[in-house]
Amino acid sequence: MLKALHKTGLVFFPAFDWAIDPTHPEREERLLYTQDQVTEEGIFDIPGIIEYKPMLATAEDIRRAQFCVPDEAAITTESHLISAGGAKVIADAVMNKEVKNGFALIRPPGHHSMRVSHGGRGFCHINIEAIMVEYIRSRYGVKRIAIVDTDCHHGDGTDNIFWHDPDVLFISLHQDGRTMFPGTGFPGELGGPNAKGSNLNIPLPPGTSTEGYLYVINHCVLPVLNEFKPDLVINSAGQDNHYTDPLTNMNFCAQGYAELTTLLKPDIAVLEGGYAIEGALPYVNLGIILAMAGIDYTGVVEPDYNPEKLKQSVSITDKIKKTTAQINKYWSQRFQMREDAGKPGEIQIRHKEIFYDTDNIFERQKERVRICKDCGGCFEIDSQATPGFHILGVHIPINACPACIEKGYEFFDKSVENKYHHVFLMDRPKGNYHIK
Amino acid sequence: MIIGLDVGGTHTYAVLLSNQGVEKSVKVTTNHADLFSTVLSGFTQLLESIDPSQIERAVISTTLTTNAIIQQTMEPVGMIVSAGPGIDPEFFRTGEHYYAVSGSINHRGREKASVNEMQIQDIAKKMVDAGIEYVGVVSKFCVRNPSHEILIKRMLNKYFKKIFLGHHVSGNLNFPRRIATTHLNAAVFSLHKSFFEAVKKSLTEKGLTVPIQILKADGGTMSLEASMHFPGQTVLSGPAASIMGAIPYAPEGQDAIVLDIGGTTTDIAFLVDKAPLLEPVGIQRGSYKSLIRSLRTDSKGIGGDSTLRVKDGNLTIGPDRQGPAMAFGGPLPTPTDAMVVLNVMDTGDREKATAGIETIARQLGLSIEEAAEKIFKTCCTIILKKTFEMIDQINSQPVYTVHDFLEGYKLSPQKILVLGGPAPFFAQKIEDLYQIDTLAVPNSPVANAVGAALARTTCEVSLYADTEQGIVTAHEEDFAEPISKTFSEDDLMETAYTLLKEKAINSGADPENLEEVEVVEFQKFNIIRNFSPRGKIFRTKMQLKPGLIKGYETVLH
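First to last, the protein sequences are chains A and B. For the record, in the first sequence the residue sitting at position 151 is 151 according to UniProt numbering, with numbers rising by one throughout. For the record, in the second sequence the residue sitting at position 424 is 424 according to UniProt numbering, with numbers rising by one throughout.
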């Protein structure tokens, strides 16, 4: 009889009544065909596959991960809260060992949403993975978490949120930023001075096929994970690497996704992008679900699949090998890079400009981080959006050392109130969020 | 007047109802080896000194198909399934004569790979050689496009007595369940046919010529003729009969729990404003999952005759039954014995009951009274615990839209209706323990037969319209029509209502009982390709709700 080898939890929230706008790729129809396929396959009847009902994430949940401007309510809808809440439900199911692993098939996605969020960019308003990760760390005390973002777009929001965090390893595989939104995610982007090498960005040339993806997984991602030894592996499972996706130029397939999942063995997978809703999503999602549950997926093949047509060229293979070697080199030098990044107690400044394509907002940031060898280091972000607000967000990391906690409060206390619309303090060790 | 007959596990009850109430009821011991004579004997006794021409309606509920499944006496039938991409169909094998074939339809109902005629002919020959007479054909996504099933049926027609097609089974998606359900219909067909033809013939000989109605698992009825196409729908109509029998006593505008406490098991179900709650997809009992519409019931292995034991100082009740209570000559003590000891029940041999409870009392280190009290209380607690678990489960069901998430109905019963032999004794105790208004349904032993008698015809239609492909379909009803780009929600609803009415009349519904129409599901999507709208997808499910026929609402009070 058909039975899941691993108990797998699913949250399925297609938000059939929510869209950015009627013809937007991120619209009501997006998970329709996936639901049809999954229902027709009888997935929810398989012993060992457990479907969970999502819940609403709260402002408190978001405040562990992000500064929402002017506040959470202003930039989210119920759909965003249910989507983030769905990820939380899966996290609980996995952490409480009700299931071995879990997959949240939810929308809207979140991985382009950064530490400071003034609205929607790349179809994302709040970062559902980051909210989930911070929930897991607060609730269950998990220390080391690895997030592998396999969406075809650079997971710049998640990358940004964990930029200074040495305990969260963020690896993003994506189509080269020179050819696609958001235009970032190059190998040299390795994380902040206190966490160099804990962010790994692996750009892949357009036309990368299954061979290329699995090469990177086998020769870079798995060895790195093996060394990092995370307590939890999370897959930001974007499905827009598919050869039929209308927004991207890759040649990945459903079998490839299933195999990637089998290799990666994520504890939790969270759906991100993927806009070939009819020809790809039904098969890719089915493949991932079966792979997570340890059920044979060799029958999951797109009707128009033609491996000959999707083969990658030798030059693409060469490029991928070079990038992989480069990333592995960075990874091996990570401790030295952190050592060289600055002196403890010193403040380093970074300027950043961010464009919100969904909501047409332009944001300028000035970030000041305390160099620290004992924790991720506290930092403040001065963020001004046009049109929009001017705020200051201060972050004290969850495992902060006493010096960084003190410095964080100093940032907050010394901020000049009339300069900002709001000043926020995210005190992760105490679990407090202050606003002035 | 109407007749209701319900074949139960131990006894078969038949009632004669007029608009004055229950005119007559009879009880016959169920002979599972010969259900035909059981049914006939029920009718014979009931019709003694009654003029058959006064009978307007007769409804029968039997355990025939349920027994065939449990005892695995179903006939070997052939199955041809075509899966296309996805899970290996070998996992859904129904028996020896099961063939997975090529051909594929996708989720939009588009053909992706054609049927291989040679392959089908070859399989037909093998099945004929094996002596197969009935065949089921199921293709994945046939609900969206049944052309492969129809084509295969045409190729097979000349070789077999009857061919059952997957798309006739249900408008719901679920390939594995559709295979199981189609197989079930094929496998119980000849049993069902010969049984009911014999019943009909015998009744005609007695002068009873009204159309016979059969009770379905969803608590509705269908005509004998309609049942020949879907004999599987009669499975588990027993629990359905009792739940329907509780409806007259359910509160209006409120939720209620129905507990049918029998000798071996207790069936648990729910009513929302006098309408029973249905299973979301179909009957599910243990590992058996189907697309057969059914009332949402669950069974717990605990009843009046459950065996009492003490294990490591702890009292256990059931799940087995080793015979009747000791008070009634059984071998081991049971909850019924405890009730006899407590004097809540005044029948049976009190001495024997006391002797039985004493053995339990000694092991628990309690007095006989205390032990009996503990048994009775534990029994109620176990049943109610399971009930509340079911409520939690129902209330935590996944939702797929923001609207459903925010507006989700929460089941919160304020009344318990108890049926079955020991119902009156349990009702009082449950009310004391849980402070919930609890009522033992009057005429409890025959309530299930009354439920069968009063059940109205139910049915459901599922419509799917795709304006990009220009078609509206209800393949379950063999309905498909071209539509224009301007096809609207109103057009969809109108078509659905017409089909529903037609289906109901064909299933034997009284035109006066067609008002309880309910839209169970409605969804509408824009189809966008390359950032421009190409059309719309509409989906709806409409049903005639399970409930009681008109004109008998008050007679039972």
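None of these hints come from the bench; they were simulated from the model. Small disclaimer: the values here were computed from a predicted structure and weren't measured. There could be a bad hint or two in this list.
What the hints assert, rightly or not - Chain B is faced by these chain A residues, among others (derived, beta-carbon under 8 Å): (1) Thr-39; (2) Glu-40; (3) Ile-82; (4) Pro-246; (5) Glu-259; (6) Glu-278; (7) Leu-286; (8) Gly-299.
The beta-carbon is built from N, C-alpha and C at its ideal position, and this holds for glycine as well.
So, going through the hints one by one against the coordinates:
1. Of the supplied interface hints, the one on Thr-39/A holds, with its beta-carbon coming within about 4 Å of a beta-carbon of chain B, less than 8 Å.
2. Evaluation of the Glu-40/A hint against chain B yields a held restraint, the C-beta minimum of about 4 Å falling below 8 Å.
3. A cut of 8 Å between beta carbons decides the hint on Ile-82/A: the least distance to chain B is about 6 Å, and the hint holds.
4. Hint status for Pro-246/A: holds, given a least beta-carbon distance of 7 Å to chain B, under 8 Å.
5. Because the smallest distance between the Cβ of Glu-259/A and any Cβ of chain B comes to about 16 Å, over 8 Å, the interface hint for this residue is violated.
6. With a least beta-carbon distance of about 7 Å to chain B, the hint placing Glu-278/A at the interface is held under the 8 Å criterion.
7. The closest approach between the C-beta of Leu-286/A and any C-beta of chain B is roughly 6 Å, which is under the 8 Å cut-off, so the hint is satisfied.
8. The criterion of a C-beta within 8 Å of any C-beta in chain B is met by Gly-299/A, whose closest approach is roughly 5 Å, and the hint holds.
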